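In the numbering used here, each number is its position in the sequence shown, counted from 1, plus 36.
Don't read these hints as lab results, they were simulated from the structure.
Just so you know, not all the hints are guaranteed correct.
[To be verified] Calculated lysine-lysine pairs in the PhoX-like style (CA-CA distance at most 20 angstroms, straight line): (1) 385 / 347; (2) 376 / 393; (3) 347 / 376; (4) 347 / 393.
[As the list claims (entries may be wrong)] Label pairs and their in silico Cβ distance ranges: (5) 365 / 117: 44 to 54 angstroms; (6) 365 / 331: 50 to 60 angstroms; (7) 124 / 265: 32 to 42 angstroms; (8) 239 / 139: 16 to 26 angstroms; (9) 239 / 119: 29 to 39 angstroms.
Quick caveat: nothing in here was measured; it's all calculated off a predicted structure.
All C-beta atoms, glycine included, are put in the ideal place defined by N, C-alpha and C.
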Amino acid sequence: MADIASTPSIHELPPPPPGRSGWPWTEGCPALPPLLPDGSPWPRISIVTPSFNQGIFLEETIRSVLLQGYQNLEYIVVDGGSTDGSIDVIRRYDPWLAFWASESDEGQTDAIRKGVRQSSGEILAWLNSDDLYCPDALKTAGAFLAAHPGTGLLYGDCEMIDEGGRVTGKFSVRQGDLAALLGENYIPQPSAFCRREAWEAVGGPDPALQYVMDYDLWIRQILNGVRASYLPSVLSRFRYHAVSKSGVLSVEFGYELLDVLDRISVSCQDPPVRRALLEAYSRAFRTILSLHEQTSSDEHHLHEDWLRVLKRWSDHLEDRRAEYRPFGRLPADGYYAIGKHYCLLGRMKEGRSCLRKAREVGGKAFNRVLPARLAASLGARSFRWYHEGCLAFSRVLTAGKS
């Protein structure tokens, strides 16, 4: 291992596997000059790759970092004890890594934090072991952050690719504020670069989170006064595949999102931000209901899961009645959704109660709904239409928006 990763040429790295060509197999970026045009050094960028049994993609990830031609790179790989050949891949690239380790850990976030503790760069980023940087990504990020010292969080565009590396789409990315970020995570994690002081000021990613740690980190940094800047340049490619964390739906995603919203709630007092926060709660509860429908082993367990979520959502609306009062349509939508799901479960008493509350807080915005007619209209296979809706919703969830 090297103290700071050198800038290897493509001819110095191990040869690519048979049949692999193009970036970053047979193509690399030329080495950058040692200094920026103004004579200052390139800022040191520390990249951490958390790795666990992603050996099929790991080499491409590593090469996409090392072949950036960046003069002041510190590259760290933290493996969680892989058993699929990942260690052999890492060892082949050992001469160009500043640090690597393979040991059991507490998951992806723990690995990222371990890597950052080993780093010294003024700019920090992590690149998961199935994603990759585009050519000149580090040059673009380093030059921008050197020229804009007031920016603490930089992010660019990001393409989505499939298991074979084919581009399948592009993230919805834009410049926005906190209210917009609460509405949609428009900061793609692989294309984000953060100044160390902005990272350390909020403690880095929360080790308790495994699904929304990046989203939580962006929110906490912005709440802490960090300026986030969007650079309209494709910096990375996010790989969506069957065994990726984003590809495997987990209801924990929704519960973690609720925990994040609860934690930041006290800091979101500005009316537009407050409204965006309350709307985010509604999306989180709907997400949990949908993910339960997608992942439940049978209808009995689905009913039990739904009942727990519906009670928590209803309690949330009751506990925050005063906060929701200025936004009458929001709680009305919530009560209507809760009542509808109770009706789907055949819990007509609870359904009528929630639908009544929807009319009370929503006023003329809601027509009178008869729960019995609603339930009867669903037919004997009442979950089919909802299942189809959940499938559509899951496609939105896995399109890189969160």
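Each hint tested on the structure:
1. 385 / 347: Distance ~14 angstroms between residue 385 and residue 347 Cα, so the pair holds.
2. 376 / 393: holds, 12 angstroms
3. 347 / 376: holds, 13 angstroms
4. 347 / 393: holds, 14 angstroms
5. 365 / 117: 44 to 54 angstroms: Taking Cβ atoms as reference, residue 365 and residue 117 lie about 50 angstroms apart, which means the hint holds.
6. 365 / 331: 50 to 60 angstroms: Check failed, 30 angstroms falls outside 50 to 60 angstroms.
7. 124 / 265: 32 to 42 angstroms: Given about 39 angstroms between the Cβ atoms, the range holds.
8. 239 / 139: 16 to 26 angstroms: holds, 23 angstroms
9. 239 / 119: 29 to 39 angstroms: holds, 32 angstroms
Figure legend: structure checked against the earlier numbered hints; the only hint not met is number 6.
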